[in-house]
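Asker: Sequence:
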Amino acid sequence: SSFVDATRVSHMRNGELEDIGEMSGFDTQTSTIVAGTLDTGGFLVQIHRAGIIIARPTVDDCTSSQGRGGPEVARWTLPQGYGITLAAMANERVVLSLARGNVVVLLKILSDEETRTASIVEIRRVNLDSEPSCIYYPVQPPRGQRDLLHRPVCIVGTYKPAILVLALDAEPLATLHEESLSSSSSLSAEGLNIPQSLQMLASPSQVLLLAASSRPTLSAPHVYNMGNVPMQLIPNLDARGDDAAHVIALSDRPWKIHFGRNGALDASPISFDQVSHAAPFRNDRDEEFYMFVTDRALHLARLDREKKNNVRAHRVTETPRRILHDKVTGRILVATVIKRGAATDSEIQVLDPDSWVSVLQFLPWRRNYELFNEAS
425 SSFVDATRVS
435 HMRNGELEDI
445 GEMSGFDTQT
455 STIVAGTLDT
465 GGFLVQIHRA
475 GIIIARPTVD
485 DCTSSQGRGG
495 PEVARWTLPQ
505 GYGITLAAMA
515 NERVVLSLAR
525 GNVVVLLKIL
535 SDEETRTASI
545 VEIRRVNLDS
555 EPSCIYYPVQ
565 PPRGQRDLLH
575 RPVCIVGTYK
585 PAILVLALDA
595 EPLATLHEES
605 LSSSSSLSAE
615 GLNIPQSLQM
625 LASPSQVLLL
635 AASSRPTLSA
645 PHVYNMGNVP
655 MQLIPNLDAR
665 GDDAAHVIAL
675 SDRPWKIHFG
685 RNGALDASPI
695 SFDQVSHAAP
705 FRNDRDEEFY
715 MFVTDRALHL
725 ARLDREKKNN
735 VRAHRVTETP
745 RRILHDKVTG
755 RILVATVIKR
765 GAATDSEIQV
775 LDPDSWVSVL
785 QFLPWRRNYE
795 LFNEAS
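In my numbering, the protein residues as written are 425 to 800.
The set of hints was computed from the structure by calculation and includes no laboratory data. Computed from a predicted structure; not experimentally measured. Using N, Cα and C, we set each Cβ at its ideal position, and we do this for glycine too. Heads up, some of the hints might be wrong.
Said to hold, decoys possible - Label pairs and their in silico Cβ distance ranges:
1. LEU757 <-> ASN686: 35 to 43 Å
2. GLY507 <-> MET436: 26 to 34 Å
3. ASN652 <-> TYR583: 21 to 29 Å
4. ASP443 <-> THR743: 38 to 46 Å
5. ASP536 <-> SER695: 39 to 47 Å
6. THR539 <-> GLY687: 46 to 54 Å
7. ALA430 <-> ARG746: 37 to 45 Å
8. ALA430 <-> SER629: 43 to 51 Å
9. ARG549 <-> PRO777: 54 to 62 Å
Go ahead and model the full structure; you've got the sequences and the hints to work with.
Answerer: What follows is the structure, given as structure tokens:
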């Protein structure tokens, strides 16, 4: 987990998280932009503002005070005065943008599991005409759609605003396509429609590029307004396989973006708590989980692929100020504020959660109640 000026590395053991930052090989005194693993077993990668660290810690190294020479195996550092602003990693390659000159750099990571060594090599770079706002390095789409990404590409959002598709096998990096977002329809009181997060959503029949902007919209290329805060898109680990079934969208609440039965884009709320960040991971049994960060709490969750949230609504006419669930009767008590002339008073309603009908209304200032349903 990354903070403003620190990084914490944890090891999960018997359902508990143990801090192993000092023995992980990572720089824990700075924030982390991207962290990930290599296909070669055991190598971890940390990308921070000043460079890249590759480490290969083991459980024994991290849980005992006697390591074996330290877990760090490679380091790539930028020259003085430069810094990394954005980064993305996939397929043993890293794409990053530098703080000066709107430069996008492609790096390759070479690793050897037998010798426990690794190295980082710069392949090529390109100067863009606008500052990058986000970088997305897609993995291969599912079978039947591989012709859509027949060459390695990187997708970059910019403050122009625009979305660029860069060919990573060209020298220098070449722009295959530029999608402008500066049309009059993308202008609003909140400002330009600047892309903040990109993800690819794939099924056996189609592949969509989702772009979350600085406004709470999702475009594909249709526009969906979701929530009231800027959106962040989180991938699922199945994007590496043949069933990239969904992505997570974080706005004022987390959403699951997926294909509906008719093939159209669909969104389902996951919970009603605001999540500031989320990350997918797998355990040693290949079970996929998400780590959700809320206010002062870290949650580990596994999504049910079939179950959906069913939501009911009941209009109480006035603004609710307290809600209480009575475990004995199973009823829900809702306290509201009502206007009575120039003054305000309280009203208490008792709701049946099965029928969602108001069975009792109590007005404390009148010292009486009205019975709506004999079920009370």
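Asker: Each of the hints needs a verdict: does it hold here or not?
Answerer: Here is what the structure says about each hint:
no.: 1; hint: LEU757 <-> ASN686: 35 to 43 Å; verdict: holds (41 Å)
no.: 2; hint: GLY507 <-> MET436: 26 to 34 Å; verdict: holds (32 Å)
no.: 3; hint: ASN652 <-> TYR583: 21 to 29 Å; verdict: holds (22 Å)
no.: 4; hint: ASP443 <-> THR743: 38 to 46 Å; verdict: holds (44 Å)
no.: 5; hint: ASP536 <-> SER695: 39 to 47 Å; verdict: holds (43 Å)
no.: 6; hint: THR539 <-> GLY687: 46 to 54 Å; verdict: holds (48 Å)
no.: 7; hint: ALA430 <-> ARG746: 37 to 45 Å; verdict: holds (39 Å)
no.: 8; hint: ALA430 <-> SER629: 43 to 51 Å; verdict: holds (45 Å)
no.: 9; hint: ARG549 <-> PRO777: 54 to 62 Å; verdict: holds (59 Å)
Violated hints are absent here; each numbered hint is respected by the structure.
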